[in-house]
Amino acid sequence: DIQLTQSPSSMSASLGDRVSLTCQSSQGIGNYLSWYQHKPGKPPKPMIYYATNLADGVPSRFSGSRSGSDYSLTISSLESEDTAIYYCLQYDEYPYTFGAGTKLELK
Amino acid sequence: EVQLVESGGGLVQPGRSLKLSCVASGFTFSNYGMNWIRQAPGKGLEWVAYISSGSSYIYYAETVKGRFTISRDNAKNTLYLQMTSLRSEDTALYYCARLRGTTRAHMDAWGQGASVTVSS
Numbered sequence: 001d002i003q004l005t006q007s008p009s010s011m012s013a014s015l016g017d018r019v020s021l022t023c024q025s026s027q028g029i030g031n032y033l034s035w036y037q038h039k040p041g042k043p044p045k046p047m048i049y050y051a052t053n054l055a056d057g058v059p060s061r062f063s064g065s066r067s068g069s070d071y072s073l074t075i076s077s078l079e080s081e082d083t084a085i086y087y088c089l090q091y092d093e094y095p096y097t098f099g100a101g102t103k104l105e106l107k
Numbered sequence: 001e002v003q004l005v006e007s008g009g010g011l012v013q014p015g016r017s018l019k020l021s022c023v024a025s026g027f028t029f030s031n032y033g034m035n036w037i038r039q040a041p042g043k044g045l046e047w048v049a050y051i052s053s054g055s056s057y058i059y060y061a062e063t064v065k066g067r068f069t070i071s072r073d074n075a076k077n078t079l080y081l082q083m084t085s086l087r088s089e090d091t092a093l094y095y096c097a098r099l100r101g102t103t104r105a106h107m108d109a110w111g112q113g114a115s116v117t118v119s120s
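Top to bottom, those sequences are chains V and X.
The first sequence begins at 1 in the working numbering and counts up one residue at a time.
The second sequence begins at 1 in the working numbering and counts up one residue at a time.
Chain X with its partners taken away, still in its complex shape:
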């Protein structure tokens, strides 16, 4: 069974940092690209970042570019999202999602989400 489990969320002050993790199981993690998606309270879904299976390709939403860093450790089956200079508008539930396919890949498996609250 494919499983994605996020952790590392919490309450953090504006301007501080936080690192999310997403541990994968039930599939060969190193074969799949991954996305981070978020949902702010009362809002819709927003794509945040992408990393290819071998970390060769990385993309970010303009809203987080320069502040967030996506990475992965295929030996540990783990995806990361390092978030710095956090703002109140980064408050959201953050999901990791697996991409099925190489290019033009849809997200076929999602974690339960990690909650991040940015507030003083």
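So that you can see chain V by itself, here it is in the shape it has in the complex:
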């Protein structure tokens, strides 16, 4: 199975900060990686698909990028509503696998 390693596991940042979360794949998955924002009591919300494409309704301060087997989710200017756990998912092949998540909090 393809393993996704997310880093850091948790982080805190201040309002307005530029924040980058990373997801590394154990094998090649091309651009078949998505990011989800998960808040307590709500279902995961799609943020990015195909590594760099913004999902419907997602603010433009979010962006996705790829460098080889390393994928990043960047928030250009952190807002309070962005606090959540962020998961990456590879959908190149079944079994689909998620990273362990990055918990993003406000400092």
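Hint data in this document are derived by calculation from the structure and do not stem from the laboratory.
There's no promise every hint is true.
Partial pick of chain X residues on the chain V-facing surface, computed with a CB cut under 8 Å [to be verified]:
#1 F27
#2 W47
#3 G54
#4 D73
#5 Y80
#6 Y95
Where a beta carbon is used, it is the ideal one built from N, C-alpha and C, also for glycine.
Here the structure of chain V is known, so what remains is to put chain X in place on it, guided by the hints.
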């Protein structure tokens, strides 16, 4: 508006069975593959099962293979997950999710989840 509504969760004893349903609305259900995803308390997300739009292709996570059965009724716009021989480690919030695309499809819509607790 795309909606997915899960039901059928509850408290069940180890070894017993439970069947989850996911009713879809706001889109042509028969055109989309579907996944079940779960999240155990305090844990991350885990893919459970996949079914293609016409039920031709079905895959399971190794953790549930042989115990869970995914199915769908396109006439009723409903996805199912039949769970048998339940174990305490199956305790989780179960989400159904729509797949956007045919192969290599990402999940673009999720239900609110159905809670399953396996305990004596």
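Task: Per-residue hint verdict: F27/X, partner chain V, C-beta under 8 Å - done: The hint is violated - F27/X has no Cβ within 8 Å of chain V, the shortest such distance being about 13 Å.
Task: Hint validity - Y95/X Cβ closer than 8 Å to any chain V Cβ - done: For Y95/X, the interface hint holds, since the closest Cβ of chain V sits about 6 Å away, which is under 8 Å.
Open item on the list: Less than 8 Å between beta-carbons is the criterion; does W47/X satisfy it with respect to chain V?
Closed with: holds (4 Å)
Open item on the list: Restraint: Y80/X near chain V, CB-CB cut 8 Å. Satisfied or not?
Closed with: violated (19 Å)
- [ ] Verify the interface restraint on G54/X: the C-beta must sit less than 8 Å from at least one C-beta of chain V.
- [x] Constraint on G54/X not satisfied, violated at 17 Å.
Task: Status of the hint placing D73/X at chain V (closest C-beta pair under 8 Å) - done: Not OK, violated: D73/X not within 8 Å of chain V, min 23 Å.
In the structure shown, a violation is registered for the earlier hints numbered 1, 3, 4, 5, in ascending order.
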